[in-house]
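A.B. asks: Residue numbers (my numbering), protein chains in the order written: chain A, 105 to 408; chain B, 105 to 408.
Keep in mind the hints are simulated off the structure, nothing from the lab. Some clues are possibly wrong.
All copies of an identical chain are treated as equivalent in the list; a pair is satisfied when it fits inside any one copy or across any two copies.
To be verified - Under the rule of at most 20 Å between Cα atoms (straight-line distance), these lysine to aspartate or glutamate pairs were calculated in the DMTMM-like manner:
id, residue 1, residue 2
1, Lys378, Glu317
2, Lys378, Asp159
3, Lys378, Asp185
4, Lys253, Asp162
5, Lys238, Asp340
6, Lys161, Glu343
7, Lys296, Glu113
8, Lys296, Asp306
9, Lys368, Asp357
10, Lys368, Asp162
11, Lys368, Asp178
12, Lys253, Asp129
13, Lys145, Asp306
14, Lys378, Glu187
15, Lys238, Glu371
16, Lys238, Asp357
17, Lys145, Asp215
Chain by chain, the residues:
Number of protein chains: 2
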Amino acid sequence: MARIFGHIEGQRVGSAYGNRRALHDAGVHAPLQAGISGTGKDGADSIVVSGGYVDDKDYGETIVYTGHGGRDPDTGRQVRDQELSDPGNAGLVRSELEGLPVRVVRGRNSDSPYAPASGLRYDGLYRVESHGAKVGIDGFRIWQFTLVKLPDEASTTATPPPLQSTIDMVTNTPGPAPVIETVVQRIVRNSKVVQQVKAWYDHECQICGLAVEVAGGRYSEGAHIQAIGSPHRGPDIVENVLCLCPNDHVRFDNGAIYLSDDLKVIEARTGQVKGTLIVNRSHRINPQYVANHRARWTTGTARG
Amino acid sequence: MARIFGHIEGQRVGSAYGNRRALHDAGVHAPLQAGISGTGKDGADSIVVSGGYVDDKDYGETIVYTGHGGRDPDTGRQVRDQELSDPGNAGLVRSELEGLPVRVVRGRNSDSPYAPASGLRYDGLYRVESHGAKVGIDGFRIWQFTLVKLPDEASTTATPPPLQSTIDMVTNTPGPAPVIETVVQRIVRNSKVVQQVKAWYDHECQICGLAVEVAGGRYSEGAHIQAIGSPHRGPDIVENVLCLCPNDHVRFDNGAIYLSDDLKVIEARTGQVKGTLIVNRSHRINPQYVANHRARWTTGTARG
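Given only the sequences and the hints, what does the whole structure look like? Please build it.
C.D. replies: Here it is, written out as structure tokens:
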């Protein structure tokens with residue numbers, strides 16, 4: 105059966121289900137046990153937020169969701185590191201990379217004001233905003249995904265939004281169920297601060313030295329070292345911004361590349377030094393932000 | 105004097121000016137003659153839409169604005185090709201690449217329902233959505249820029265929009281005038297069609313063969329050959345989509361690279377063949393869209 109991204113026909117936001125079997129039968133969340141429905145190839149189409157992970161945080165519109173793996177099935181505590189290669193975790197990464205919507209189901213959880221009093225409830229579509237590693241309460245590495253709610257109105261009507269909107273909803277006309285999906289995935293922000301940093305390097309990438317040449321100019325992107333979104337909350341100041349080519353920006357923001365304290369460029373997969381960051385003498389980079397970025401991608405590993 | 109991007113303090117949207125000198129004195133548009141205020145280094149901060157170019161089109165919220173150069177000063181007709189290296193034109197390219205807002209001033213023009221009856225009027229902030237070349241009414245190459253209006257409410261209040269919004273407005277606190285600027289510049293769209301194309305190539309770039317590897321997966325972008333936005337109106341179908349790395353996507357969308365009918369990859373700056381497009385046997389690319397993209401970047405040159 106094809107994985108459906110978006111709403112399931114006939115299942116409204118707020119619908120209640122007595123148990124995981126009923127949720128499965130409705131097509132809202134296929135697995136009977138796993139919290140994440142998905143694979144690295146397809147993406148993740150749904151999750152269940154059930155309070156099973158002590159490091160989860162539910163703020164309603166924003167959910168910090170702990171990935172799969174490493175738990176003792178009897179006690180529910182972490183007993184080893186989580187791996188991003190776990191299919192559910194890789195599925196959430198894929199949904200983030202492709203901008204795919206994730207159905208969120210909340211289960212009973214007396215600790216959360218957003219959880220239903222009993223059973224399970226379909227709470228609509230979220231997008232995966234970011235992810236990163238940290239050492240969880242039990243002392244092992246966990247991967248956490250920040251999910252942000254998509255507007256409910258967009259999910260019931262398929263009206264195209266104005267050009268300025270990040271989220272386009274489209275109806276997948278062939279096939280039986282009207283599937284609505286997000287179609288936007290990557291936004292590059294600019295600011296006075298970013299422009300200052302780009303000017304220092306004349307758009308040459310601080311990692312690879314390349315300037316992407318286009319008709320009429322050069323193109324580069326400002327990359328925040330400590331991410332500016334929640335929960336990272338890095339500042340938009342020159343000490344926290346790099347001038348990167350789009351490819352290295354994607355690599356840096358997704359943990360394929362991180363920096364050592366002496367600004368060596370390290371490939372995460374191998375742990376090898378690939379070179380030294382190019383730094384203009386006017387550009388002071390704050391090591392605190394470098395350490396924050398590195399910890400996000402290396403915590404709990406020997407390279408941390 | 106520093107170039108100000110965004111509103112000028114005390115100059116409201118809809119303000120009227122008797123002549124170009126008054127407009128200059130108000131700080132809304134500095135040049136007394138040129139229609140574009142800007143350079144390739146800084147970007148363009150303002151334009152005057154005056155009906156001086158026969159190929160201009162004013163739809164109110166959207167303006168197709170002809171670049172600078174190549175006109176006979178006496179007759180106003182094009183007498184030679186326009187160049188993107190002209191400072192005003194390069195300024196509009198820079199504003200597009202950086203997402204900088206452009207102040208739009210309309211002058212009297214009896215052919216346009218959006219023009220004031222007399223004098224000049226400040227009509228608020230626009231973003232440069234795209235640009236491309238075509239042969240103008242007078243038979244010479246012109247460069248045209250599509251500008252789209254930014255919401256006026258965003259320009260009077262500096263309230264941060266929701267995360268889904270493309271346009272963030274920020275107040276530039278240091279300095280005398282509260283300058284509001286757009287801070288978002290590049291959006292990468294996704295769709296079922298794009299996902300199909302990416303799957304054929306497993307995220308390997310059809311131009312350079314590279315797959316950007318990140319923790320947990322690979323990343324690529326779907327590039328529409330004939331652009332989908334107005335006025336290009338290319339379709340979102342696999343015959344019109346390429347799987348590209350972010351760097352080549354920027355190059356392709358900005359005319360640094362185009363394709364020949366036999367799918368050779370051509371570098372626009374030199375006209376040299378850089379290689380052959382990688383094409384999966386399931387992926388039929390429609391030459392009509394390839395020709396449309398090529399014409400947008402080569403019209404009026406020997407390489408067209």
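A.B. asks: All hints, please: hold or fail.
C.D. replies: Hint by hint, here is what the structure shows:
1. Lys378 <-> Glu317: between (24 Å within a copy, 15 Å between copies)
2. Lys378 <-> Asp159: Result: close neither inside a copy nor across copies, 34 Å intra and 51 Å inter.
3. Lys378 <-> Asp185: Answer is neither; intra-copy 26 Å and inter-copy 46 Å both fail.
4. Lys253 <-> Asp162: Answer is within; shortest intra-copy Cα gap is 12 Å, inter-copy 38 Å.
5. Lys238 <-> Asp340: neither (23 Å within a copy, 40 Å between copies)
6. Lys161 <-> Glu343: Answer is neither; intra-copy 30 Å and inter-copy 44 Å both fail.
7. Lys296 <-> Glu113: between (45 Å within a copy, 18 Å between copies)
8. Lys296 <-> Asp306: Only inside one copy: Lys296 and Asp306 sit 15 Å apart there, 37 Å across copies, limit 20 Å.
9. Lys368 <-> Asp357: Classified as within; 16 Å inside a copy, 32 Å across copies.
10. Lys368 <-> Asp162: Classified as neither: same-chain Cα gap 37 Å, cross-chain 51 Å, threshold 20 Å.
11. Lys368 <-> Asp178: neither (43 Å within a copy, 60 Å between copies)
12. Lys253 <-> Asp129: Answer is neither; intra-copy 24 Å and inter-copy 47 Å both fail.
13. Lys145 <-> Asp306: between (38 Å within a copy, 9 Å between copies)
14. Lys378 <-> Glu187: neither (24 Å within a copy, 40 Å between copies)
15. Lys238 <-> Glu371: Result: close within a single copy only, 19 Å intra versus 45 Å inter.
16. Lys238 <-> Asp357: within (16 Å within a copy, 38 Å between copies)
17. Lys145 <-> Asp215: This pair counts as neither: shortest intra-copy Cα distance 34 Å, inter-copy 55 Å.
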